[in-house]
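Starting from the known structure of chain L, arrange chain V on it as the hints suggest.
Number of protein chains: 2
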Amino acid sequence: MRSPIDIYLADLYDDLVGLSAGTTYQGIPAMADADNSKFAIAMATVDGHVYQIGDAELEFSIQSISKPFSYALALDDIGLDAVDEKIDVEPSGDAFNEISLARNTGRPANAMINAGAITTISLIRDRDTPRFERILDHFSAAAGRRLKLNESLYASEALTGHRNRALAYLLRSFDIIETDPTPVLEDYFRACSVMVNTHDLALMAATLANGGTQPATGVQVMSKDAVQRTLSVMTTCGMYDDAGAWIAAVGLPAKSGVGGGLIAVLPGQLGLAIYSPALDEHGSSVRGVAASERISSDMGLHFVRAARLGRSAIRENYDITQVPSHIRHTEAAENLLEEFGERAHIIELAGDLLFAGTESMVREVSELDEWVELVILDLRRVDEVDTIAVEMILQLHRELTAEGRTLALVQERHFEALESLRSFSSRNNAVEWAQSTLLQRHGTPEMMPEKVAVRDFAALAPLDEADIALLESLMEETRIEDGRIVRRTGQEFGGVYFILSGKVFTSSVQEGKPVRHSTLSAGMTFGEIALGSDGEQSTRVTSMGQLHLKVLSAEAITALEAENPGAALRFWKAIARDAYTRVESAIKDASYPLQ
Amino acid sequence: MRSPIDIYLADLYDDLVGLSAGTTYQGIPAMADADNSKFAIAMATVDGHVYQIGDAELEFSIQSISKPFSYALALDDIGLDAVDEKIDVEPSGDAFNEISLARNTGRPANAMINAGAITTISLIRDRDTPRFERILDHFSAAAGRRLKLNESLYASEALTGHRNRALAYLLRSFDIIETDPTPVLEDYFRACSVMVNTHDLALMAATLANGGTQPATGVQVMSKDAVQRTLSVMTTCGMYDDAGAWIAAVGLPAKSGVGGGLIAVLPGQLGLAIYSPALDEHGSSVRGVAASERISSDMGLHFVRAARLGRSAIRENYDITQVPSHIRHTEAAENLLEEFGERAHIIELAGDLLFAGTESMVREVSELDEWVELVILDLRRVDEVDTIAVEMILQLHRELTAEGRTLALVQERHFEALESLRSFSSRNNAVEWAQSTLLQRHGTPEMMPEKVAVRDFAALAPLDEADIALLESLMEETRIEDGRIVRRTGQEFGGVYFILSGKVFTSSVQEGKPVRHSTLSAGMTFGEIALGSDGEQSTRVTSMGQLHLKVLSAEAITALEAENPGAALRFWKAIARDAYTRVESAIKDASYPLQ
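Line order of the protein sequences matches chains L and V.
Just so you know, we're using full-length UniProt numbering here: the first sequence kicks off at 1 and counts up by one.
Just so you know, we're using full-length UniProt numbering here: the second sequence kicks off at 1 and counts up by one.
One chain only, chain L, in its complex shape:
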């Protein structure tokens, strides 16, 4: 089906193609007779998908849109401070071709006006490789394809660029340009004469939106710092003397060129490019400005609207008594956990931990009752962890530790910056840790049984001693090494396995990747799930450390059913009850609020 975004762009194109205002750039004959019926819009996402409409493959000269990219190259070549010495970052409020040099120093107001752009060229390294070659490589890397210089256009630019020639010598006279201005000026004219199409410009803009990494090729074309600075200057100076109106109406860092091209950048999201050769009095494409205003307001791209909402990153905050425990404890232990469980809190976070999310998270933790000993941050639904979030979490860790409290994390894909903290790969494991920690701190040794006797198994609770003794007499005892596969997926029901001591975990393969289910320990049973519909073991069971089992085999059960149906009946009833205890907690886990 057609993408709604393509439909939107098609409608927008139809609405604006009629705009006949403006005139093509008259400065150069070659450009004066550009076909004003041409019109193209392209949007490139930060994952490299390009939507486009109109003559998006038609080539034209990049002109002033070269300026931000040359500027970024210079910034990465010699560093921000060195560039700042030569070029200021202040809006001039002047037209693109104004002189705008600081009175005494001759320092250009910014890199988006000609004086600053020419100076920029002089700052680009050319030791090993000819300067323009590096510039063309740089532009091409941002576009994601090999771009070409239009020699004849360059020739006429060079022929007619008297004003720029004057500027270059003026800059030289102030020692802003420290070398022969002629080759600098030639490379400036060449940079303006590079041919691009609207598709290229959208990807070049998306490279800025994407922190300097070309979205389609994945090549890091510019540093993050160079991008941040370049977008900042585009914000205040990109649209020449129209900058304020542009920010008010469109609210995106942007750059236009007299070739008819225009780019706008929504940091982190989108690169927008438009081509239409007729220009307004500021030297910007008439249809380009109109389309940008429409797209910004229709799609909510203005930096104020597109701003991330300071929504809380907190999904849930509850103590571990709220979590169905997957471990069976003695009654004494269960009672203690009922009482002390509220000393271990789990805070589930979601979304991005930038300033707002981080702030709400640290506030939530800071406001926990002081008798909360264990704080578990569940990061499984967190998408992004900014530097500030890392620092704040480490700070939380220090603060809590100083107070004799403990911070732990639950994370699936580990955030490296947080490697140093105690982490669990599932909430179950974190809860198990919290429970055993609380039992150690506040309980008695008996509450953490290394070993559970068959008669103490919760599953058999409904049975009387005689029945349990009978069942135990039918069990085979076995000890298993660490890391052994106890039950394989697909095996048919082999009996009920009672864990006397040690642990196992269950896993299976889903869509090609191993998926872990639950951890079972002393006092728990496994194997009976093979009784389920398909009658076979649906998960693999693997031992964790030394495992001590008693197994009531399928054969033994069959024998029991024949010899003592009454006992067998009570056994199955107990097993059914045990199963439903699990169904119950599973259903509660999967529930959702009523409307």
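In case anyone wonders, no lab produced these hints; they're calculated from the structure.
All of these numbers come straight from a predicted model, not from anything done at the bench.
Careful: at least some of the hints might be erroneous.
[Claimed, not checked] Going by beta-carbon spacing under 7 Å, a handful of chain L positions derived as facing chain V:
#1 Met1
#2 Pro91
#3 Ser232
#4 Ala248
#5 Gln269
#6 Met299
#7 Ser366
#8 Asp369
#9 Leu396
#10 Leu560
#11 Ala562
#12 Pro565
#13 Gly566
#14 Trp572
#15 Lys573
#16 Ile575
[Claimed, not checked] Covered by chain V, according to a simulated footprint, are these stretches of chain L (three or more residues, beta-carbon under 8 Å):
#17 58 to 68
#18 216 to 230
#19 237 to 243
#20 353 to 360
For glycine and all other residues, C-beta sits at the position ideal for the given N, C-alpha and C.
Quick look at chain V alone, frame taken from chain L:
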């Protein structure tokens, strides 16, 4: 415990309190001798929490920080266009006290320089209420407390403001100010002489960050449009001739005042305010600028860094064969759903549907195979749905419908704008709908049984005809009206309920609010979960429409156990197997990928 953010601010305060550069504003004696040892930082979140350090309660005059708030008031009073006629939105690149009027028209460059700010005052309505009263009410509403005018300061401002008086008459001469300039000027001086503290300014800034709604009081002080315009102008003109350097280094819309105050705004997240009376050559607080730069870089607040990442909003995309069905179908129906299930896709979305999230969503849907008939968007994890998202979803709906395909939503808290679309409050319900739709379109009538005979119940599949006949003979038949409570939470095990036709849903009360669990229909059983550990009904069961049941009561089961242990044994074994079939799918649901 201390909040890491308070700790951060305390460290920052210590780092910067030593800065002795700059001098207090000399224009007015009252202000010239401000105590330069005073220093305060405050940050207000968009939910109204304020972090502060230093002399945050110390009052000083708001001065030029009044300008954005007066501007917003004028914008809401007479509209953007009317204000634009009188005041441009372009950076002047001049100092705050420059004349900066357009050559022919006398139109001030922007509302942040004095000429523009004085003009702004003249545009504020004063028909019913005196103008300054409205201004003071407006400032107070943004601060969230009653602010006061400093009469004596106003007096000396009025006494010494010759330059501004000149400006006012100049503006009058151009008919930019259309009334007697004197009262306008007086109200301008009054607005500058309103006393605020750093805490106030942080909340006033947070009101701008929060789209015009005061975070603490919840009062809508300004319209969203006025806020967007005001923040845009603050971005390019807020820091006078330092605007470019400010955006490059701090990257936040901001405003400083010669009183020593400074505010910065991170749209959607944060209002920042700093007070320290010593000013730099631009008339901005020295410590204020230094602290802003530190906070912006430490906390990643620069608009380029704080930009929302264009991450995909898509969590999962799968067809309904991947979802454990909570409805039992006949084998023929199950087979058909196996074959046709891939024609119904569920796409789980998360986070915010602004441009980036919306784009990735519509792309995913657009790229589904054309034989996919049913598209279910699961919005339960979506936090925010922007206008663009609503339009794109409605557009998707139109496109899909045109192709004879169907769009449906899963949403818990309904997004009003999407009311018109087919919505389900749980994924289960959506899957049920998808299954019955596919069965109707591609199956035979028998595949959608209105009525299921006891012998066809999946739960009893392992039993032979004789056993089933025996059990059925022990059951009581009953018919129940719509909306009746069939089982109450807390009832002890009453037997196993077989649904012959109709539906029920199970629910319980969690943390005070009703929570719905699953929908059960013909061929399914309930009541046996009361066999779980606590031995009582843990959920309420309510009929949906006419309900036809057969019940194997607890008494009947007990009797069977006594009279025919063999059959009872097989019954319990079947029930256990059925339970484990459910445990199995529940565990699979709750599983997570291995590291």
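Hints violated by the structure (numbers, ascending): Of the numbered hints given earlier, those the structure breaks are 8, 10, 11, 17, listed in rising order.
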